[in-house]
Amino acid sequence: MPERCISIRGGRLIDPGNAVDSRTDLHLADGRVLAIGAAPAGFAPKRVIDATGLVVCPGLIDLCARLREPGLEHKATIASESAAAAAAGITTLCCPPDTDPIIDTPAVAQLIRRTAQIRGLARVLPAGALTKGLAGEQISEMAALKQAGCPVVSNADRPIRNARVLRRALEYAATFGLTSLLHPADADLSEGGLVHEGLVSTRLGLPGIPEAAETVAVARNLALAEQTEARIHFRGLSTARATAMLAEARARGVQVSADVSAHQLILCEHDLADFRANAHVSPPLRTAADRAALRAAVASGEITAICSDHQPHEPDAKLDPFPQTQPGISALETLLSLVLSLVDDGVLGLPAALACLTSHPAEILGRGLPATAERMPDCSLGHLHVGAIADCCLFDPAARWQVSPARLRSRGHNTPFLGAELTGQVRYTLLAGRIVFEADPEHHR
Amino acid sequence: MSAATFIPPAARADARRLQLDAEGNLRHFLTIDGLDRALLTEILDRAEGFLGVARQAVKKVPLCRGKIIANLFFENSTRTRTTFELAAKRLSADVLNLNIGASATAKGETLLDTLRNLEAMHVDMFVVRHADSGAAQFIAEHAAPRISVINAGDGRHAHPTQGMLDMFTIRQHKGGFADLTVAIVGDLLHSRVARSQLAALHTLGTREVRIIAPRTLIPARAAEVFGVRVFHDLDAGIADADVIIMLRLQRERMDGAFLPSEHEYFHLFGLTERRLFMAKPDVIVMHPGPINRGVEMDSQVADGARSVILEQVSNGLAVRMAVMSMCIGTQNLALAAATPPGAGHA
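Going down the list, the protein sequences come from chains F and X. Take any residue in the first sequence, count from 1 to its spot, add 4: that is its number in this note's numbering. Take any residue in the second sequence, count from 1 to its spot, add 1104: that is its number in this note's numbering.
Simulated from the structure, these hints should not be mistaken for lab results. Since this is a predicted model, take the numbers as computed values, not measurements. Idealized CB from N, CA, C, for every residue including glycine. Hints should not be assumed to be uniformly reliable.
[Said to hold, decoys possible] Covered stretches of chain F, going by a simulated chain X footprint (3 or more residues, C-beta under 8 Å): (1) 199-209; (2) 269-281; (3) 321-333.
[Claimed, not checked] Distance windows between CB atoms, simulated: (4) X/Arg1220 - F/Ala147: 51 to 57 Å; (5) F/Gln406 - X/Ala1361: 47 to 53 Å; (6) F/Ala216 - X/Pro1364: 37 to 43 Å.
[Claimed, not checked] Covered stretches of chain X (in silico footprint by chain F; criterion: 3 or more residues with CB under 8 Å from a CB of chain F, positions within the stretch not fixed): (7) 1250-1261; (8) 1313-1326; (9) 1406-1420.
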């Protein structure tokens, strides 16, 4: 007898990776998609979800979310943040390796995956460290990290100052089919900087991070990727010029992709005024022109994925004069709504917007995922064809909600969107065919 | 493709709104940026009135009697602290001097903890000096509503009482601002004093403001942000100037690849008697102090007939009295409003 038989009826199924957008039913069993449209003969669902008025899409995939465990449990835990992810429709999270201890050994990677599996609310895929201790000196044991379930490698936002080390690291990662996620920021040009170097840094007297901190790093990384033919992915672009460099490199055939943090598409440097610690992020919020270029790059498909860049903090981390505050936004639970606002603004259509949260990030992770080994998700991640893993997000695209500490499940309440009215509310989240989140019916209005 | 802004206005930490009460009275003095000309003029006029106090036999007025003013200096500065202390005493306030850098924060106490402790001592006003831009505003946001905060210098952001005492000195000598050409020379990038001067000069309607420095010491998009003309040549920049303000150059700028040497800096941007001929004959030369003689200017200029540097120091007292008494006055208005008439006789 198949288990976990669920029918999702009457929703608008948007499966961007398979170019599906139609009103139809979805039938799930054994954690996979059993049928689309008519139920197979004799299918007896244990649960029928009425998805009338809802969009049904693959569970969202977030390429960069810090869960703070192990090491910074006073900020958040895998348990708290995977619950927040489930409430946000996110079923797969990739966490950067800058935990404590750092994810540079299989043991840490396995610890994170197991802790998440025990909670069972979201699939957590640790990014392996590109260099030991993220120190930028010695390459890590990437083959072992991949074996332990790391689909990508990254040096988080720590610099690799030595270009020779970076070159070898990229080559070594490519040996095992691992994409390197790179945060492009030149260490020396960004040192001491807090906000974008421009109008606001000058007015507020805050040390600036120049645009060149990003473009110099992008240029160096592109040159190394081109030389080594290694696949790289830029994590969190923030400048117009970097998107132009990306487009040019891609046109030349360099194996490079890029993502952007959702807040970079919504906010700009002026949202810092005056000294708003919740808008303190790295890379910094840049100019309105940069934001327009990032939006255009998402619309044109040069930037393929949108991340939360979730960084939950304890309240004290933001309760200091601006320069002493820790950068980062608690962003899981606003991710979908912010991306939907791009649809409202006419930046891109709903299926294309959802592709940035599902099939596109899946493609970046998928290259490093072993096909079917030890219950790891296969290449169907981020898709909903028959036989695909049944990660689903069901949301009401018109429902409005107000961001408030009481509504956030994340331990971190550090978001510049507190008090804002956003559109788009998740009603159900299914992880491998199991309902891991169901909105309180009182919030259905 | 316009980006909707989601940030509710109420969630914005807006310095402008923070430092004024509903009627536009000064509650805190955090930055000059955003204050209007009428208010700046009120500060200058009030300071004018306090100038006489120094010459009286009894150098005190009772405007802040019964109030406790705490000097919170997270960064050492004997000179600035002393003038604030003297200003508070002349207003008949009780003064607490707290050298925080050396005590609480070194023991790991957070800034908010320090603040709560002082609140518990029923302090009425904090005068704050801190190495971080935005620190005074942060304290104003988190202190109890009955407490006023005066910014005595926060990072590279603002030093509004210094800015106002400079305006006071200019007005004393030049009468007004509408016909003036003012040149500010030196390390604008790191200068909180310059930011406050630029905001004040702009609001007071100065005809032309120029900034003069090598490009390494000029902040990004300064012309746009401050509405100034940018010069890299001292002689051209001070030509026909009515006022020249020299900024202090920190020694550590030589290590950070901002400048090659003091020698080259003085050669290019140091003010000398000879160069002063470029400016108007009645030019005044200002400096927030302390001066590096032979780096920013030579001694002949510093001690010369055009220098008003020591007047700036005396004026600082009057301006600080003005700002402190205005903030305490706003507090008293709020207290009076909160007390129903006749309640005192019940």
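Verification of the hints:
no.: 1; hint: 199-209; result: holds (count 8)
no.: 2; hint: 269-281; result: holds (count 9)
no.: 3; hint: 321-333; result: holds (count 6)
no.: 4; hint: X/Arg1220 - F/Ala147: 51 to 57 Å; result: holds, 53 Å
no.: 5; hint: F/Gln406 - X/Ala1361: 47 to 53 Å; result: holds, 48 Å
no.: 6; hint: F/Ala216 - X/Pro1364: 37 to 43 Å; result: violated, 22 Å
no.: 7; hint: 1250-1261; result: holds (count 4)
no.: 8; hint: 1313-1326; result: holds (count 4)
no.: 9; hint: 1406-1420; result: violated (count 0)
When held up to the earlier numbered hints, the structure conflicts with 6 and 9 and fits the remainder.
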